[in-house]
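Asker: Below are the chains, spelled out letter by letter.
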Amino acid sequence: MALATPLPAAEAVFRARGLTKTYRMGEVEVPALRGVDLDLYRGEFVVLLGPSGSGKSTLLNILGGLDVPTAGEVWYEGHHLTGASERELTLFRREHVGFVFQFYNLIPSLTARENVAIVTELAGQPMTPEEALARVDLADRMDHFPAQLSGGQQQRVAIARAIAKRPAVLLCDEPTGALDSATGVRVLEALERVNAELGTTTVVITHNADIARMAHRVLYLGDGRIVREVRNAQRMPAAELHW
Amino acid sequence: MSALSRKAVRDLWHLRGQALAIALVIAGGVATLVMSQSTYESLTATREQFYRQGALADLWAPLKRAPDTLLPQLAAIPGVQTAQARLLALGTLGVPGFNEPVRAEVVSLPLDGGQPLLNRVQLRSGRLPDPERDNEVVVGEAFAAAHALRAGDTLRLTLRGRQRWLQVVGVGTSPEYVYQSPPGAVFPDFKRYAVLWMNRHAMEKALNMDGAFDNVTLRLLPGARAAAVIAELDRLLARYGGVGAYGRHEQTSARYLEEEMRQLQTMARLFPAIFLGVAAFLLHVVLMRLVGTQRDQIGVLKAFGYSHRALALHYLGMAAAIALLGAALGIALGGGLGRWLAHVYQGIYRFPFLAYQLSIQAVATGVAVSLAAAAAGALMALRAAASLPPAEAMRAPAPARFGPTVIERLGLQRWLSQPARMALRDLERRPGRAAFTVLGLALACAVTMVGRFQGDAIDYMVDTQLSIAQHHDLAVSFIEPAPRRVLFELAALPGVRTAEPVRMAPVRLAHGHRSYRTTIEGLTPDARLRRPLDAQLRPITPSADGVLLTDYLQDMLALAPGDEIEVQALEGHRRVRRVRVAGFVHESIGAQGYMDLDALNRLLGDGDVVSGVLLGVLPGAEPDLYARLDRRPWVAGISSRLASVRSFYATMGESLLVFSLVAALLGGVINFGLVYNAARISLSERGRELASLRVLGMTEGEVSALLLGQLGLLVVVSLPFGFAAGWGLCWLMVQGFQSELFRIPIRLTTATYAFAGLMVLGASVVSALLVRRRIARLDLIAVLKTRE
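Heads up: the protein sequence lines correspond to chains A and B, in order.
Note that the working numbering has the first sequence beginning at 1, numbered continuously upward.
Note that the working numbering has the second sequence beginning at 244, numbered continuously upward.
For reference, chain B alone in the conformation it holds in the complex (with noise of 0.2 Å):
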């Protein structure tokens, strides 16, 4: 080993305190970005080999009703592989011992008894249903772990107002449902929603469907063009209630699937630059900072004749090992947090296998970027290193220039005591590193709202969404419309308090060359238990002579208030309306249309009806109510409102927590590294100074206010900062997640404030206190005698 890199080894183990909170800081950079690297294409590996081997459609069309002899046309349409018929139901299921409805989504398995040609069930346990029973079900993994359901278990399954019991003989899951949320909603509700698979022979005979089938699914060959696909599948399917087909981006769960790995990628992005800037930044002033305290030996050995070349990587070379010891701290954490994200995962999305890799893109990204960040770092300190002349370097330096304050300037000088000025001085003369310190220390703070900021949102969400939005207890959704006096039929059940129609109907909106499939929702004028909300969450009544839309479907379609639309009905008799743009309603969840239900019946020409009813039941009586329900054979489905709240909270709150305590960890993380480093800075630069205040009798306590006094100012300083960068990270994540499935609004709760700033004002004092614990020791004598 050379003398000089023995020089750069002891001069590092001098340095150990500050160059741990260093790289701990770029460790926090590497970690974020490998561990959202690593689950991202793990999940994207895993996501693609599951799509493979489950043979995932690219296309699916839903209608009404086919004959089986219509599938060979089907097929036959140029650019498709593979199509395949099957009966897609909707139902409601009874668990044992547990009251509450549950919709299930029932599929049907082909009538040999085998695997489907597309969209195969990978089964976890048991097996797939005997083709000789009726009476023998697959249930859905996620649903199965939720009620602890196993081979051999029983259900009650009704379909059409008939029920039977079935009996469970294996448990999987489908690259088709991934993710499992219940139709119209966003979040997946385990308990409440089940995904079946049956005989399509027993289906058939519950949905008086022999022969015939309600949804075809297509492999298409490669290369070829899905909207050609779609048009000819869609006029094909036209007189039989075809609703038109689409393709993977349409399809819940793909498409949510998709917007969980954008996400993962924004993440992946933001936060490692946020922390490799902090670190680059700390490592330039610690540089500085050295090479300052170093002028007498640079000098010394540029006189021996080292070049600045040779003196340049001797300081890059310190800087480059804090860097990599950074990396390879945040590698390893990175790689284990990313398989520990990859598994929360897992679980929610219930992949029957993991392909959990340490992105070695990430890794080399990681190491790559620390080391430039470290280069940056010390750039301006090896120029001032390579820039001083032998003779000068061995000088001691001139006294620092001070000079009045503004504050001073301005004659307030009179209110600041000796410290005060001292610190707003010191402030004055290197106003970059304050600015920086007090950036720095803004980040911290934001990135722990950023943690927070996810539950927040959710809260207000649901808030909005399934409090002032939504009031009803029960949700009853019809096979199909039916005449509006069901409604009388379900008001004077026992137990219902109120009720008032819906009418949901699939369409497809287009503005010029823009479209979106959606629903129309059609309230009356007088509902109380569903309202549509505008951007001030005061409720809007949907007009008679045009349609509401949710905000975000203004930019997507490119409409203002006033422009015509064109509304293509996907039931019924399909017809193709334009329809004036009446306004815009407020939503954070889904995109749909609102119109006045008597209006929209009159677009759809399909006469008064309503499919389905939203309750107001009585304490105590949805059992009961969920019963009679079960009963009749037009209910598709009932789902209760606080129970789907309760659960979506179940699911996300563990989660969410944990991602807030990692957020807060990592935001305390850089604010440690750069109040720690500030402090040792000041400690050093300052510390002939503050000795020499001990000696004339200043205490311990005195010398240490006026030290970290400094410090607490730059962090009280940061915290309106750090709320407003908080505020702005959180802008940037919400641009990042924006999607038609949802909109994260920006709700930050004052609790939020409040945590981010007592986690910076805690780091801070713990920084603080390990500082002080130097002051202590400050050498009282050395400094009467040596010039630093």
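So that you can see chain A by itself, here it is in the shape it has in the complex (with noise of 0.2 Å):
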């Protein structure tokens, strides 16, 4: 069964103009991203499709604040995040953002719940931890540590935590990369739930072009510019993805 593609709302949570990265190595530069504009929308769920080296992870670092651009400006809901100040950055991270890591980066020495709570602990409105993992059905794995948990189970206790805190965006770099097939659709279908239920933001990038058919949009990068975009008629749920 395909979903219809409800229109977004016209708000935009996230707007780029004329973004521009370069990296210096050495005596070289290397430009990772040539003017990029970009609107992202509440509730949106994007797939950032791209080859390596197509500026995909830079953009996601530019959204999410751990990277300033070299040129070119991004506003989040009005605030203009490129002249933050790095205290400014973490904060806007603490509040507004939640991140899923290709290898999760849990805290090993800290359960599901505690890892949870960890990012909870620091949220003005969070849920519970145990609302999170619920979410994400490990109600019943809350007190088992990373070394107990499968890769998929890992991820979806990152994906827990980052939705905790009831961030507005939610960035996933490679949430699957790690991942055999039946277990990133597990993994999707917590993040495809999350972005219904909750409303949230939702970025994913990927280098697999099937998940580019749960998104609304799936932009398509390439050599530091998004050479194609296109909206999905019809999106997929995760459930019946497959790779």
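These are calculated hints, taken from the structure and not from any lab test.
We put the CB at the ideal spot given by N, CA and C, even for glycine.
A portion of the hints provided could be inaccurate.
Computed from the model, here is a short list of chain B residues facing chain A with C-beta under 8 Å [stated by the list, open to error]:
| no. | residue |
| --- | --- |
| 1 | GLY646 |
| 2 | ARG1020 |
| 3 | LEU1021 |
| 4 | LEU1023 |
To spell it out: a stretch of chain B is covered by chain A in this simulated footprint if at least three of its residues, at any positions, have a beta carbon under 8 Å from a beta carbon of chain A; those stretches are [said to hold, decoys possible]:
| no. | segment |
| --- | --- |
| 5 | 666–678 |
| 6 | 775–783 |
Mind docking these for me? Both chains are given alone in their own frames, and the hints should help you get the complex.
Answerer: Right, dumping it as structure tokens:
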């Protein structure tokens, strides 16, 4: 069954204009982004597709306040991110952004519940760790340590950790990159549910073109530019994906 | 350079902060080793050379009076090579511009105006007295320096109540007076105690000793048995008032010097062991971590065919490089400190020269021990590296296993925040490492406490001995026991508040085959100015039917209260009597006996006499009293209690301060090495975790608190252990330093605990700040992608 693509609300959460990022590697300048214009809307599920070195991660890092562009500007809900201080960027991440990493990056010495709690303790109006873990189907694994969980389970803990503070944006960098197909699908289902139920704007970076079928919108990056933008008329539920 | 060596060099460069911190700890150990061993060897060599050059005697025999014609008989005792007769007298000295009593020990020089055969005077300036002139004198160097005396200056000497003005013609030292402490005192007092050398002729006149001597020194033939010579000497001198001959081990200066050497040796063993132990541990942890992070590299190298041996040598080489760097720094530092320390000692001992040499043995030991510590530290890491199969080595290690801690199993987790749980679980997962870090920090704290301990101990000794046990202002000693009525004469002098009699009787105490030369002090039952104390520092009144002994003699002579000991008087009728041991008194300085004055006089059988008087004096009356006392022929010496306390602090204060600072610095180095390394290793092990938390919105401060909080916990936990270890280390030192000259009591002030605690916290904060700068530079982007 395909989902009808609802029109995303016209309200842009992120606005980026002319984003350019050049890394200096010794004597050589390596351009990672060459003038990207981008708007992300509330509740949107966006997939960034592109080969290695196309600038996906750089773009994500700049949106998440982990990196600053060499040129160009980013606004988050009217706040100017490009001029923000390190401290302001930390606060921005703390209050508005959820991150999901390729390798989960859970704290090995904390249980699933505690890994979520370490973020909810920082947040203003978080959901409980129990609720966050229930949303990713891990209610029965809450007191397990990372070493006692499979890769997919660890990634779902990471998603629970990312959404527990009710962020406006969820940024996921290759969330299924380290997982097999069946496990990856369960992780994507979790992301899909969060997007639908909480209305969290979700950006997923992937190499995997199949995943693009569950997005509202797909941005193709190549050589530091957005080379193509596709709006899926029909979204495919994550459960039906396989690769 | 092979590729592997290049890798070693670059890895070391990458680890330079940690490597340097470890090298500093090693340097601390090697420095203390080289410093104390070099000082020890240099002082030993200097002492031996000085003893040889100055022809230090082997035996000393004090007596009352014997004719010079007896000397050939003494020289003829089998085993005697040389015998030198001389006059030795105690007097008081007046130094223009210095209004305090100065005690002087005056030694006669041969009639011919030349050097004595034994215990020669090493002139530092000027000349020996002209045999034709009776008013010339050579003064001891330490005293001359304390009063800035030079040839041409004049001094007023009072011998047997007769005053004469003397002219200084030379400044010198002698191997017999290397360590110059006034009779009955333990610490030197350069301002108030002088050694003088005068013409024999002048002394004969002053003492009414024409053609007679009261002291003989002897040199033995190689292989001669000292005990046999002493027995024969005592037999021959008995009728001339001989009080028992003794050898170098009972001669004050030689004794003290020997003690000092022993203490240096204790230091040379104890401190390096602590430092190098900590360094081995640090190397171990750092190398373990390095092997951990280089699993993939090790796998690749093995896959390419590098042998276990080659890889083991690779990591061992890195450890050895750190050890050698530390050893080199330590040798340079220790050599310099040793030279400085030897000069400090030379200032106290006034050797005419200092044969300073860097101890080759210590340097070799330092290098060998550092390398051994490095190898020991590297050993387990090497095993870990060697045992990795290549394929496994290239895989990332499995996630670390964690479980709930004991506290949580007890159901107390409600009270713990997530960071606290992380810290506790991390500590519990590697209890060995945590325990070792705590142990190392405790040792750092302990080393600092040892530095302060000497000062505390001396304060305590001075406080008990010179404040609680003694209340007199002046102690007047007589040339020989005098009838008790002189007490009334002194009590009647203007300015005297109270006067109490005292008799100091030289004796030999014997129990079974053990014996010890000392004095028994006779005190009256109502004595207030001088009171022996028990272990709880309560005054004990000497009993009439027994002797109280310093507690140290209990072990030395294997005594229990109620035992009988043999007391042989070394003056007067030289009676031998058996006396009951009534009890023991607590004293840090010296070892002697106490008896009721009347009982002592009955025991010795030479009438109702006293050998000195203790005076309580009205404020301001002292200068006038000195003059009046000085005119009495039977007064041998006057000493002021407060002046000796002051002088003692002046002598020791500076060196104690320096010692305390050096120890604190060394403690700080260990502390810094440990905390810095522990923090750096946690940072490298948990960098990914911490960077993730930064990405998730934790501030730098929050992440730092997470990492450093765990270390802070260890630092705080280490403090009580550190205080206990400090106490234990002081106890060890005290055991090494015990002697009948003095026992350093284990007394540590709150200030010492506080100082050591603050040093630990301070050094930890400095290391934490250095590591915090690295937390600020965590790469937040790398963590999103790469797997370590």
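Asker: Each hint needs a verdict: does it hold in this structure or not?
Answerer: Do the hints match the structure? See the list:
For GLY646(B), the suggested interface contact is upheld, since its CB lies about 7 Å from the closest CB of chain A, less than 8 Å. At its closest, the beta carbon of ARG1020(B) sits 12 Å from a beta carbon of chain A; the interface hint therefore is violated under the 8 Å criterion. With a cut of 8 Å, the hint placing LEU1021(B) at the interface with chain A is violated, because the nearest CB-to-CB distance is about 11 Å. This hint holds: LEU1023(B) has a C-beta 5 Å from the nearest C-beta of chain A, less than the 8 Å allowed.
Counting residues of the segment 666–678 of chain B whose beta-carbon sits less than 8 Å from any beta-carbon of chain A gives 3, enough to reach three: the coverage restraint holds. Against chain A, the segment 775–783 of chain B contributes 0 residues with a C-beta closer than 8 Å to a partner C-beta. That does not satisfy the three-residue criterion, and the hint is violated.
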